[in-house]
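Chemist: Protein chains in written order, with numbering that gives the first Met the number 0: chain E, 0 to 377; chain P, 0 to 123.
Please keep in mind that the hints were generated in silico from the structure rather than gathered at the bench.
Be a bit skeptical, because a hint or two may be false.
[Said to hold, decoys possible] Computed footprint of chain P on chain E; a stretch qualifies when at least three of its residues, placed anywhere within it, have a C-beta under 8 Å from a C-beta of chain P:
(1) 223-235
(2) 299-305
(3) 319-329
[Stated by the list, open to error] Computed list of lysine-lysine pairs in DSS-like fashion (alpha-carbon distance at most 30 Å, straight line):
(4) E:K211 <-> E:K377
(5) P:K47 <-> E:K356
(6) E:K24 <-> E:K214
(7) E:K356 <-> P:K49
(8) P:K97 <-> E:K356
For glycine and all other residues, C-beta sits at the position ideal for the given N, C-alpha and C.
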Amino acid sequence: MTEAATMEAKAEPLLLPLDSWHREKGGRMVEFAGYAMPIQYEGIMAEHEWTRTSASLFDVSHMGQLTVAGPGAGAALEKLLPADLGALKECRTRYSLLLAQDGGILDDLLITRTGEDSFRLVVNGATKHDDIAYLRANLPEEVTLAYHDEMALIALQGPLAASVLDDLLPGIAEALPFMASASRGCADAHLIVCRSGYTGEDGFEIAVPSDKAVKLADALLADERVKPAGLGARDSLRLEAGLPLYGHDMTASIDPVSADLAFAISKRRREQGGFAGAETILPLLAEGAPSKRVGLAIEGRAPAREGATIMAGERVVGVVTSGGHSPTLGRPIAMGHVEAGLAATGTELQIDVRGRKLSATVAPLPFVPHNYRRQGGK
Amino acid sequence: MTRYFTTDHEWIEVEGTSATVGITDHAQEQLGDIVFVEVPAAGTAVAKGKEAAVVESVKAASDVYSPITGEVTEGNAALEDDPALVNTAAETDGWFFKATIADTSELAGLMNAEAYATFCADLD
Chain E
0 MTEAATMEAK
10 AEPLLLPLDS
20 WHREKGGRMV
30 EFAGYAMPIQ
40 YEGIMAEHEW
50 TRTSASLFDV
60 SHMGQLTVAG
70 PGAGAALEKL
80 LPADLGALKE
90 CRTRYSLLLA
100 QDGGILDDLL
110 ITRTGEDSFR
120 LVVNGATKHD
130 DIAYLRANLP
140 EEVTLAYHDE
150 MALIALQGPL
160 AASVLDDLLP
170 GIAEALPFMA
180 SASRGCADAH
190 LIVCRSGYTG
200 EDGFEIAVPS
210 DKAVKLADAL
220 LADERVKPAG
230 LGARDSLRLE
240 AGLPLYGHDM
250 TASIDPVSAD
260 LAFAISKRRR
270 EQGGFAGAET
280 ILPLLAEGAP
290 SKRVGLAIEG
300 RAPAREGATI
310 MAGERVVGVV
320 TSGGHSPTLG
330 RPIAMGHVEA
340 GLAATGTELQ
350 IDVRGRKLSA
360 TVAPLPFVPH
370 NYRRQGGK
Chain P
0 MTRYFTTDHE
10 WIEVEGTSAT
20 VGITDHAQEQ
30 LGDIVFVEVP
40 AAGTAVAKGK
50 EAAVVESVKA
60 ASDVYSPITG
70 EVTEGNAALE
80 DDPALVNTAA
90 ETDGWFFKAT
100 IADTSELAGL
110 MNAEAYATFC
120 ADLD
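Between the sequences and the hints, there should be enough to build the whole structure, so can you do that?
Modeler: Right, here's the structure in full:
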């Protein structure tokens with residue numbers, strides 16, 4: 000090893016506010032998005048199944064929590080996101096995309112209106128610093144961006160999440176339908192609760208000041224319906240739910256139409272344009288994109304992983320962007336990008352795994368139905 | 000019968016010039032829930048230190064290397080229907096393949112159970 004290489008030794012991963020808490024609970028820590036994070040506690044399969052039947056606590060404090068505020072904040076953000084922020088009511092949350100000028104996806108995020116001229120954004124951990132730089136460079140001077148690195152973020156996910164949280168914060172389940180947010184005081188901490196998640200289950204993402212994160216995590220885990228779950232289960236849950244992962248199923252070189260995320264482009268924005276990449280994206284909306292993200296049901300037991308080639312006979316027609324074993328279905332599932340002409344449900348394709356051709360069929364997403372509570376309640 | 004271990008966490012049980020190969024309990028513990036195993040078919044030539052099988056956990060695929068050079072006489076068919084056997088019985092019923100050993104001198108560099116236990120303890 001040369002001296003230069005020695006000097007460039009990898010930076011130590013950052014520690015989450017719940018770092019010791021995870022280790023005490025038996026979390027196996029790995030590096031993800033620059034942080035030491037638990038990949039699993041008792042096992043991915045058990046944590047996955049617990050999330051589908053009860054409630055799991057996920058630490059997602061690596062994600063970036065931002066506030067964008069100032070006169071005209073909504074209009075300024077609409078130049079970068081294809082959401083209809085004008086129609087977004089206070090305390091309501093939308094899934095949206097941060098777009099590059101060429102129409103590529105820089106990140107996916109949740110945005111909540113917190114006031115007439117203020118919005119809360121939650122962005123991916125691995126991209127948050129680039130997002131902040133891009134937003135700051137493209138927002139007018141009077142609109143400010145604050146990065147809340149003093150806040151932790153805890154997700155409580157599963158069919159019993161609402162009952163659990165309602166015991167801690169009485170009335171929260173009734174007050175919040177899916178994709179709505181509220182502020183609550185609890186355990187002398189100010190919490191921001193959003194009914195949202197990344198598992199396909201009902202659940203909440205709770206922002207809490209870092210120094211109160213252990214107290215909140217302990218209070219949630221004191222309920223026997225709750226167990227901790229790691230990144231491994233988070234990934235298998237979101238894959239079953241057909242939810243794309245940034246950097247894999249969508250990237251800066253993929254537009255929202257190809258990524259099958261056109262639903263994130265609101266009606267008014269389709270008509271009026273005026274967002275980054277609109278010149279590229281609007282024609283694709285009208286005419287269709289040359290390739291599309293699809294679900295793939297795979298025959299047999301062998302999982303197809305990210306990077307595996309998708310074939311139609313001898314012809315390469317796409318690539319797997321996420322894949323693995325579905326604990327709920329007991330068989331391998333995947334998402335991939337394929338030529339638009341082969342994206343219809345039921346299309347029979349093959350996936351090359353270590354030189355062997357696995358039979359795969361284009362399947363509707365999600366693989367496992369979503370269990371969201373659009374009307375609120377437990 | 001003598002059992003040896005590799006630094007890649009395979010075990011090999013030797014009787015004369017016949018061997019049974021699997022992954023260690025430590026390895027299955029690290030991999031987590033195993034969902035698929037691809038074992039070599041009878042007649043496949045394997046080479047010391049080269050990929051001979053694949054084991055897939057929920058999160059990733061891993062190669063399994065042959066501790067010796069030789070020819071596969073049997074792959075463990077039970078793993079096809081029940082890959083989780085590797086989690087529950089890694090060093091017994093969850094074996095991967097049986098093979099002939101072309102050159103028993105290849106066993107010289109392998110660890111015994113005690114040395115392997117020390118090796119694993121040093122990894123933590």
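Chemist: Each of the hints needs a verdict: does it hold here or not?
Modeler: Hint check:
1. 223-235: holds (count 3)
2. 299-305: holds (count 4)
3. 319-329: Per the Cβ count (3), the hint holds.
4. E:K211 <-> E:K377: Distance ~26 Å between K211 (chain E) and K377 (chain E) Cα, so the pair holds.
5. P:K47 <-> E:K356: holds (27 Å)
6. E:K24 <-> E:K214: Holds: K24 (chain E) and K214 (chain E) sit about 14 Å apart, inside 30 Å.
7. E:K356 <-> P:K49: holds (23 Å)
8. P:K97 <-> E:K356: holds (26 Å)
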